[in-house]
Amino acid sequence: MLHSIFNRLDALGVIGRASAHCDIPCGVYDPAPALIAAVSVARLMDIMHQGGADKASDVERANFIARCTLRKEEEAEKVKHEIRVIWGDYFKAPLIEKHPEIHALTHAIMQKASACKQEAHRSDAEELVELVNRFAKIFWTTKGRTTHRVAAPFPPELSIVYPDLG
Amino acid sequence: MNLFGLRIMRVEGASMEPLVPADSFAVFRPTRRAKPGDVVLVDHPRFGRIVKSIRDVDADGISLSGQSKFSVSTARLGKVRPDRVIGKMIHLIPPDLAKS
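Top to bottom, those sequences are chains A and S. Sequential numbering of the first sequence, starting at 1, is according to the numbering used here. Sequential numbering of the second sequence, starting at 1, is according to the numbering used here.
Heads up, some of the hints might be wrong.
Stated by the list, open to error - Keeping only pairs whose Cα atoms sit at most 27 Å apart, straight-line, the calculated DSSO-like set for lysine-lysine is: (1) Lys79/S - Lys35/S; (2) Lys35/S - Lys143/A; (3) Lys92/A - Lys55/A; (4) Lys79/S - Lys92/A.
As the list claims (entries may be wrong) - Pulled a few chain A residues facing chain S out of the computed Cβ check, cut under 7 Å: (5) Leu2; (6) Phe6; (7) Ile15; (8) Ala18; (9) Ser19; (10) Arg149; (11) Ala152.
Please keep in mind that the hints were generated in silico from the structure rather than gathered at the bench. Being a predicted model, the structure only gives us computed values, none of them experimental. Idealized CB from N, CA, C, for every residue including glycine.
The following block holds chain A by itself, in its conformation from the complex (with noise of 0.2 Å):
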C-alpha cells in the first residue's frame, strides 16, 4: 500500500531516480522492432507518394511532406540502431560461424536503410524489409525457433517474418 501511494508520487515526477544497474547485457533481443521500423519506412513512403492531396494547401501539403520525410528518417535510423546491437552485441564467434552470412546481411541493411533515407523509392523500402527478414530468420534459427511468413495485418501488407513460439 505504501509503495503505491509512493507510485503515486512517482507518477507527478517529484520522486528522484538512484540507479542500481547491472554491469552486464540484459540479453533480450528481438529483431520485431526493426521489422516494424521497416515496414514503417514503406509505409511513410506510400503516404509520401500520396502527396497529401487532402490538404487545402500548398504550405499543408509541404508541412505534411516535412513530417512524413521526418518520420521516414527516424524510423529507418531505428532499424539501422536495432540491427546493429543485435549483430554487435548478440552475434558473437559461435553464433558467426553458424551464420558467417550475418556481416554481409548487417552491411545491405545499413546501405539500404540510407538509401531509403536519402530517397523515397517504394523499391528500396520493400528490400529494405526483405533484408530485415532474413536477418530475422537468422536470429530464430540461433534460438532454434522456426519461422513463418505471414503478409502483416496492417498497411502496407508486406510479408514478415514471424517466429513460431508457441
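Chain A is fixed; fit chain S onto it per the hints.
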C-alpha cells in the same frame, strides 16, 4: 523528494538485489559517518546518482559494491570522496509483489 531532511528515491535496476529490489522506494538520511555495510546514495562522478553498499572506508576514500554479482565491480566504481555520499538508507519500501 525531500521531506524533513530525508531524501526519497526510486531505485532502478537490480544490482542491489536481494537487499534492495528493483523499483523500491528508499529513504535516505544525510550522513557524514558512513561505514562499511551501510547502503548509501552516492553522487558518483562517473555513474551519476547510484545506490551501493559501502565496502570499505580508508584515507583514500570510500569503496562501493553492489549486492548482486552482476553489479558494476568495486574496481570500476573506484573510490569516492566522503562528501559524495548523499545519505544512508534508513528505510526501504519494496514493490508490492502481490500486485505484480
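Checking each numbered hint in turn, tell me which of them this model violates, lowest number first.
2, 3, 4, 10, 11
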